[in-house]
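One line per chain: the protein sequences are A and B, in this order. No gaps in the numbering here: position 198 of the first sequence is 310 in the numbering used here, and each next residue is one more. No gaps in the numbering here: position 75 of the second sequence is 111 in the numbering used here, and each next residue is one more.
Simulated from the structure, these hints should not be mistaken for laboratory data. Don't take each hint at face value.
To be verified - Here are the simulated DSS-like cross-link-like pairs (lysine-lysine), alpha carbons at most 30 Å apart as the crow flies:
| hint | chain 1 | residue 1 | chain 2 | residue 2 |
| --- | --- | --- | --- | --- |
| 1 | A | 304 | B | 53 |
| 2 | B | 46 | A | 128 |
| 3 | B | 129 | B | 172 |
| 4 | B | 46 | A | 304 |
| 5 | A | 192 | A | 247 |
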Amino acid sequence: MNAFVAPFLSFLLLYKYWALFVLTYVAGLVMPLPMNTIILATGAFAAQGYFSLAISLPVAVFANMLGDLSGYILARKYGKRALDMLRIKQASYIERFERHVRTRLGITVFVTRFVGTLGTLVNLLSGFVGVPIAKFVMYDFFGNLVSIGTVMYFGYFLGIHWQDFPGLFTMVGWIIVGIVAVIGFGMWYIRKRKRIIVL
Amino acid sequence: MNVVSPANKKHIELLLKIIAVLMLAVLFFLCFLLAQRYAALQKLDYISGRRTSWITALHPNGPPTASDTRLIQSWMTFDYVNHLFGLPPQYLKDSLYISDSRYPRVTLEEYAEDAHIPGATLLAEVQGFVSSFLTK
């Protein structure tokens with residue numbers, strides 16, 4: 113286990129569900145923490161009877177959702193004001209993102225739950241462009257339930273051998289995002305090409 | 037409406053093709069890494085040995101054996117090690133002559149630091165005592 117992850121695991125063992133709540137909340141809010149490893153470990157600890165799966169899963173999902181929602185609300189409430197204060201002109205990609213999330217909010221929020229850093233970025237941008245909160249919460253819930261549930265279940269299944277696997281899930285997460293990006297880019301490319309031909 | 041000249045059209049198309057190829061290359065590379073990792077784990081005879089039990093996986097794993105003591109790490113707490121290997125709570129405390137009041141809710145690393153013992157030495161001692169307890 114690398115030196116970056118070890119303190120988080122110690123914290124988890126010492127403070128159990130409180131630590132799980134704090135770590136998943138902070139990871140949802142802004143910090144790029146090694147979430148897959150933490151969740152995988154929690155699942156493994158549950159298999160060993162040190163944690164309860166019935167408590168860990170709701171705690172992790174709820175805390176992560178709360179973190180996501182905090183990021184969303186902060187960006188919604190203070191995002192534009194912060195840009196104004198810093199005298200930063202709203203980038204054109206934010207306008208494009210706004211158009212994108214209005215039409216594909218579900219898939220964007222759901223898929224990015226599998227890759228921590230992207231999830232945080234999407235939370236902030238969703239709040240910034242003001243997507244409907246109810247829809248955001250719904251897709252966030254399903255995304256978190258599936259992503260956290262899957263990793264925790266694998267941790268539970270792997271038991272004491274979970275330490276051989278952490279990198280695998282991060283890689284799988286990036287592959288999912290990569291597949292979606294390639295499909296998205298392909299669709300965009302075809303549309304662009306048609307437009308060029310029409311012109 | 038913007039009018040795109042034929043030279044620009046070709047230029048844009050070429051650029052888009054290059055981006056698409058690069059994205060696919062990265063994706064293939066990630067898939068290759070994943071396959072490589074999976075193959076390495078299969079070689080350890082772990083995945084193949086478990087293939088039949090995916091459906092029934094929601095049953096706790098069996099108790100660890102003496103060979104599993106290699107899994108003990110310095111970030112683990114004594115409490116967790118005791119629980120994991122089914123040790124009596126006082127076993128490691130007595131074996132290692134621990135007088136720290138935080139025991140067992142202290143990590144091996146923290147204890148080693150406070151007791152001025154090299155971390156690797158303590159880890160090896162803990163592994164040794166756990167192993168000898170399990171082989172008793």
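Results of checking the hints against the structure:
The straight-line distance between the Cα atoms of residue 304 (chain A) and residue 53 (chain B) is roughly 12 Å, inside the 30 Å bound, and the hint therefore holds. Only pairs whose Cα atoms come within 30 Å are accepted, and residue 46 (chain B) paired with residue 128 (chain A) is rejected, the gap being roughly 59 Å. Annotation: proposed proximity of residue 129 (chain B) to residue 172 (chain B) holds, straight-line Cα distance about 18 Å (limit 30 Å). This hinted pair checks out: residue 46 (chain B) and residue 304 (chain A) have alpha carbons roughly 12 Å apart, not beyond 30 Å.
Restraint check: the Cα-Cα separation between residue 192 (chain A) and residue 247 (chain A) comes to about 21 Å, which is no more than 30 Å; the hinted pair holds.
Checked against the numbered hints given earlier, the structure breaks only hint 2 and satisfies all the rest.
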